[in-house]
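Using the sequences plus the hints, can you model the full thing?
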Amino acid sequence: MTAELSSFVSGWQAGWPAFLVGLTAFAVMFADLVSDGKDRDGLVIVGLIGLGITAAFSVSAWFGTGDPGGFQNTLRADRFGLFFTVVICAAAALTLLMSVEYLREHDLPAGDYHALVLLSTCGMVFMALANDLIVVFISLEVMSVGVYVLSGMLRGDKRSIEAAMKYFLLGAFASGFLLYGIAFFYGATGTTQLDGIAQVLARDGVGPMALLGIVLVTVGFGFKVALVPFQGWTPDVYEGAPTPVTAFMAVGVKAAAFAALVRVFATSLEAAAVDWTGILQVLAVLTMSVGNVAAIAQRSVKRMLAYSSIAHAGYALVGLVANSAEGGSAVLYYLAAYTAMNVGAFAVLIALGRRGEPNDDLDAMAGVGLRQPILGLSMTVFMLALAGFPPTAGFAGKFYLFSAAIDAGHVTLAIIGVLNSLVSVYYYLGVIVQMYMVEGTLVPVSPRSRPWLLWVIFASVVATFWLGVLPSGPMDAARAAFASLG
Amino acid sequence: MGLLSFVTWSPLIGAVLLALLPREPVRGVRRAALVFSLIPFVASLVMLARFQTGVADFQMVERLAWIPSWGIGYELGIDGISLFLVVLTTFLVPIVMLNAWGDVHKHVKEYFAFMLVLETGMIGALLALDLFLFYVFWEVMLVPMYFLIGLWGGEQRVYATMKFVLFTMAGSLLMLVAILYGAWQVKVATGAFGFSYEAFAALQLPLREQLLLFAAFGLAFAIKVPLFPLHTWLPDAHTQAPTGGSVILAGVMLKMGTYGFLRFAMPLFPAAVAEATPWIVWLSAIGIVYGALVATVQPDMKRLVAYSSVSHLGFVMLGMFALTPTAVAGSVYQMLNHGLSTGGLFLMVGMVYERRHTRKIADYGGLWAVVPRYAAVFLVVMFASAGLPGLNGFIGEFLVLVGTFPVHPWATAVATSGVILGALYLLWMYQRVIFGPVTHEENRKLTDLSPREVVVIAPVIAMCVFMGVYPRPFLERMQPSIDRVIARVQAASAAQAPPTVVADAAGETR
Chain U
1 MTAELSSFVS GWQAGWPAFL VGLTAFAVMF ADLVSDGKDR DGLVIVGLIG LGITAAFSVS
61 AWFGTGDPGG FQNTLRADRF GLFFTVVICA AAALTLLMSV EYLREHDLPA GDYHALVLLS
121 TCGMVFMALA NDLIVVFISL EVMSVGVYVL SGMLRGDKRS IEAAMKYFLL GAFASGFLLY
181 GIAFFYGATG TTQLDGIAQV LARDGVGPMA LLGIVLVTVG FGFKVALVPF QGWTPDVYEG
241 APTPVTAFMA VGVKAAAFAA LVRVFATSLE AAAVDWTGIL QVLAVLTMSV GNVAAIAQRS
301 VKRMLAYSSI AHAGYALVGL VANSAEGGSA VLYYLAAYTA MNVGAFAVLI ALGRRGEPND
361 DLDAMAGVGL RQPILGLSMT VFMLALAGFP PTAGFAGKFY LFSAAIDAGH VTLAIIGVLN
421 SLVSVYYYLG VIVQMYMVEG TLVPVSPRSR PWLLWVIFAS VVATFWLGVL PSGPMDAARA
481 AFASLG
Chain D
1001 MGLLSFVTWS PLIGAVLLAL LPREPVRGVR RAALVFSLIP FVASLVMLAR FQTGVADFQM
1061 VERLAWIPSW GIGYELGIDG ISLFLVVLTT FLVPIVMLNA WGDVHKHVKE YFAFMLVLET
1121 GMIGALLALD LFLFYVFWEV MLVPMYFLIG LWGGEQRVYA TMKFVLFTMA GSLLMLVAIL
1181 YGAWQVKVAT GAFGFSYEAF AALQLPLREQ LLLFAAFGLA FAIKVPLFPL HTWLPDAHTQ
1241 APTGGSVILA GVMLKMGTYG FLRFAMPLFP AAVAEATPWI VWLSAIGIVY GALVATVQPD
1301 MKRLVAYSSV SHLGFVMLGM FALTPTAVAG SVYQMLNHGL STGGLFLMVG MVYERRHTRK
1361 IADYGGLWAV VPRYAAVFLV VMFASAGLPG LNGFIGEFLV LVGTFPVHPW ATAVATSGVI
1421 LGALYLLWMY QRVIFGPVTH EENRKLTDLS PREVVVIAPV IAMCVFMGVY PRPFLERMQP
1481 SIDRVIARVQ AASAAQAPPT VVADAAGETR
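Protein sequences appear in the order of chains U and D. Take the first sequence: its position 169, counted from the start at 1, is 169 in this note's numbering, and no numbers get skipped. Take the second sequence: its position 193, counted from the start at 1, is 1193 in this note's numbering, and no numbers get skipped.
Among the hints, a few may not be true.
Unchecked claim - Quick partial rundown of chain D residues pointing at chain U, CB under 10 Å, derived from the structure:
no. : residue
1   : Arg1031
2   : Phe1132
3   : Val1140
4   : Leu1142
5   : Leu1151
6   : Leu1166
7   : Ala1170
8   : Leu1173
9   : Leu1174
10  : Leu1176
11  : Ala1183
12  : Phe1398
Said to hold, decoys possible - When the alpha-carbon atoms are kept at most 25 Å apart in a straight line, the in silico SDA-like pairs for lysine to any residue are as follows:
no. : chain 1 : residue 1 : chain 2 : residue 2
13  : D       : Lys1163   : U       : Ala366
14  : D       : Lys1106   : D       : Ile1013
15  : D       : Lys1163   : U       : Lys158
16  : D       : Lys1163   : D       : His1107
Note that these hints are calculated values from the structure, not bench results. Using N, Cα and C, we set each Cβ at its ideal position, and we do this for glycine too.
As C-alpha cells, then:
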C-alpha cells in the first residue's frame, strides 16, 4: 500500500454508515438469490436488520470522540451526518415495511425492489456524510438512479412509466446544473472540498464565478427537494410512482438532499451568506405559497401530498434562510418531524388502496373514517400534524422554524409562513371532511389484514406525538448535530 | 398531580377510557360519560373551596420544566378572573352530556369523547400561565369542536365547520407569531427565550411594538369573541352545531376571546390599550346594536340566539375596555351570565327541536297550552338573557353600563339601546312561540319536559336566580385580580405620557 493510498483511506470509519447500508443492499440481493425469490418477508427482515445496525452504529458513533473526517476529509461522519443517517435509515426502514403487502398485491419483484431501496439509501447516507462537492454529486447520482427505477416499477401502469421517464430526464438536467455549479466553484476556489471553499471565499471574497456556482448548485438541489420554480415534475412523478416509492421520495430523497444543501450552504458558503440568503428567501416564499395554493385544487390525495411536500420544503428552507444555529437545527428537526407524519399519511393511503382501483382519489375516501376507524383516526392525526396543529410533530417543527426566523429578524418571512399554514389547513381538513362528514358512495370492502403496514402507521403515530409532546430531546440532538458542522 | 392539573386532565383521561369502552349498550356509554364529566366538576368545586378570597395573584400554581432550552414550562395557575370561568366550564359539560341523551343518536361514544377532549382544551387554556402552553390548549380546542359541528351538525355543517376553523386559525396563527416575537424580546432582554406569563409581563416594549403585538393577540381574541365585524362565522357555526356544541360554543368558547383580552392582550401590552380603546369601544357598541337588530328579524330561533350572542358579548367587551373596577367586574360577571343564559336558551331551543325537527319561529305558536312546564322554564331563561332585575343578566349589564358611562358616555348610550332591543327581540320571539292559539296541528302532540330534561335545565335556572340575587361571593373573589389588571394597564398608560414631558424638559435645559 503506497503512502498516498494509506493517507487517503485513513479514517475510513467515516464512511461506515454508508458502507453498512450498501452491504445490507448486497445482503438482500444475495438472500433473494438463495431463496429463489420466494421468501419476501425474509428479505425485509434482512434489510431491517442492516438498517438497524447502521442506526445503532450511528448512535454509538454520536457519542464517540475521534476525528469524524475520513478519506482526506471528503467524508465527515460528524453528528450532522449521523443525525441524517438515523433519519434516512428510519425513512428507509418504514418504506421497506410498508412495501411488503404492496409488492405482494401488485406482483412486484421483492428482491429487486428492496435492494434498490437500500442502494438508493446508501447514496442518501453518503450524501449526508459528504464533505466534498464531487462526493455530493456522486452520492446524489447513486441515490437518484435507484429512485428512477423504483418510480417506474409498476410496468403495467402508464402513469408509472411516465413518472420514471419524467423523473429521469429532468433529474439528469438537474445533475447537469449541479455539476456545472461544482465546476464554477472549482474554478473560483481551486478546490471542491467544502472547508477549502469556505477558506478561499473568506480570504478572497465572493466573485462573480463563485456567485454563478451558488446559483447553479441551488438549481441542482432545488430540483431534488422540489423548490419552486423547479418543482414541475413533482406532482406527476409522485402520482405515478408506486405509493411506497412516493413516500420514500417525499421523505428520504428530501431529507438527503436537504442534508447536502444545508451542509454546503452552512459550511462552505458562510462568506457568501448575504447573497444566498436573499436568493433562498425568495425561493422559500415562492415554494411555500405555490405548493399550498396548488394543493387546494387537487382531487387526488397523492397529488395533494405531492404539492404539500413542495410547501413543506419551503417551510424547511425558512430555517436555512435564518442562517443561524437555531435555524439550521430547526431544519434538521423539521425534516425528522416531516418524515414521521408524511410516511404515516402515505401508509394510510396504501392501506386504503385496492388493486386495480384508484386509491388516491379524494372521493374514494368518503366515509372511510367511520368504516375503518383505526385508519381514519391515524389519517386524521397525520393531516392535523401536517397542518401544524399542536401537540404534534408538525406544530413543534413549524414553531421551531418560525421562532428561528424571528430570532434572525425575518418576521415577515415568519408571517408569510404562518399564513401559508392557514391555507394548508383548508386542504388537510378537506381530507378529514371527506373521511368523516361525507357519506361513502363506494361499496365498503372489508379491510384487508395488513399487519406490516399497520406497524408503520402505529410507529408514525407514536413518533408524531412524541416529537410534538416531548420535543426537548430531539431538539437538543438537532442542535448538537448542526453545531458539529465546521 | 396538583389539583389544577387534575381538573385539566381528568376529562381527557375520561375521554380515553370512554374510547376503550364497548360501543354497546349506548346506555352504559352515556352513564360513563356523565360520570367522567362529573369528576372534573367535583374537582373544580374543591378548587373553588380552596380559593383564597382577597388574593389578587395566581393561586395553586404548578410549575414543571417542559422544553427547557426554549424556556417553555408547564405552568398552571388560577386567579379571580379564570376561577369562575373554569367552574362554568365544568358545570356546563355534565349538563350538555345529560342533554345529549335525548338528541345524539349516532356515534354516541365519539360525541361524548370529543366533548371531554374539548373540556380539557378549554380548562387548559383558562389555567395556562405559559404562552406556549396556552397556545397549545387554544388550538387543541378547535379540533373537537370541528368534529362536533362537522359530524353531528345540520345540513350545512361542513361549510360551517370549515368557516369556523379557518376564521379562528387566521387569528390564532398571527397570535403565534406574536408569541414568538414576545419570546424573542424576552431573549433580547434576559438572554434566553422565555414563554412564561411573568417573563412577558416583565417586558418593557416601546409603544409601536406593543401596538403590533396587541393587534396580533387582539385579532385572535376578537375573532373568537366575536367582535363586530369579525362575527360572521358565528351564526353559521351556531346554527349548524348540535345543541351541545352550541351550548359549549356560546357558553365557554366565546369567553376564551374576552378572557384572552383580559388575561393576555391588555395586561401584557398595556400601552397599546389606550390607543385601541376607542376602536374597540365603538365596535362593541355597534356590535351590541347590530347584533340585536339582526336578531330581531331572524326567522330561525337558533340564529336569533346566535346573533343575540354578538350583542351580549359586545357588553362584555365594552365593560372590559372601560377599565373601571365596576365595569370590568360587570363584564367578567357578564361572561358567566352569558354562558348560563345563552347556554340555557340553546338548550331550550334544542329540546323543542328534538320534538319537532324545526327551529322556525313560524312553525310554533301557542305552546303554553300544550307544554306549560317548558314554557315556564323558557320564560325564566329568556328573562335571564334579557336582563330582568332579580336575574343574573341584570347585575352584569347594570355594572357594565354604570361603570362605563363616566368614561364613554356616548358609547354607553348606544349600548343601552341594545338592552331595550334585547328585551324586544327575546320577548317577541317568546310571544310568537309560546303565546297565542296553536297554529300548527303537529304542535298539539308535543310532550312536556321529561324528568331528565328538568334535571338538565334546573341547575342553569338555579344559578341564574342565585347570581341574580346574591352576586357578592362571585364579585369579591374576582375583584382583587381585576383591580390588579386595571392597575397595570393604567400604570402603563400613565408611564407612557411622562417620558415625553421629561424629554422636553431636558431638551429645554440643555
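Evaluated hints:
no.: 1; hint: Arg1031; verdict: violated, 22 Å
no.: 2; hint: Phe1132; verdict: holds, 8 Å
no.: 3; hint: Val1140; verdict: holds, 6 Å
no.: 4; hint: Leu1142; verdict: holds, 8 Å
no.: 5; hint: Leu1151; verdict: holds, 6 Å
no.: 6; hint: Leu1166; verdict: holds, 6 Å
no.: 7; hint: Ala1170; verdict: holds, 6 Å
no.: 8; hint: Leu1173; verdict: holds, 4 Å
no.: 9; hint: Leu1174; verdict: holds, 7 Å
no.: 10; hint: Leu1176; verdict: holds, 6 Å
no.: 11; hint: Ala1183; verdict: holds, 7 Å
no.: 12; hint: Phe1398; verdict: violated, 40 Å
no.: 13; hint: D:Lys1163 x U:Ala366; verdict: holds, 20 Å
no.: 14; hint: D:Lys1106 x D:Ile1013; verdict: holds, 23 Å
no.: 15; hint: D:Lys1163 x U:Lys158; verdict: violated, 39 Å
no.: 16; hint: D:Lys1163 x D:His1107; verdict: holds, 23 Å
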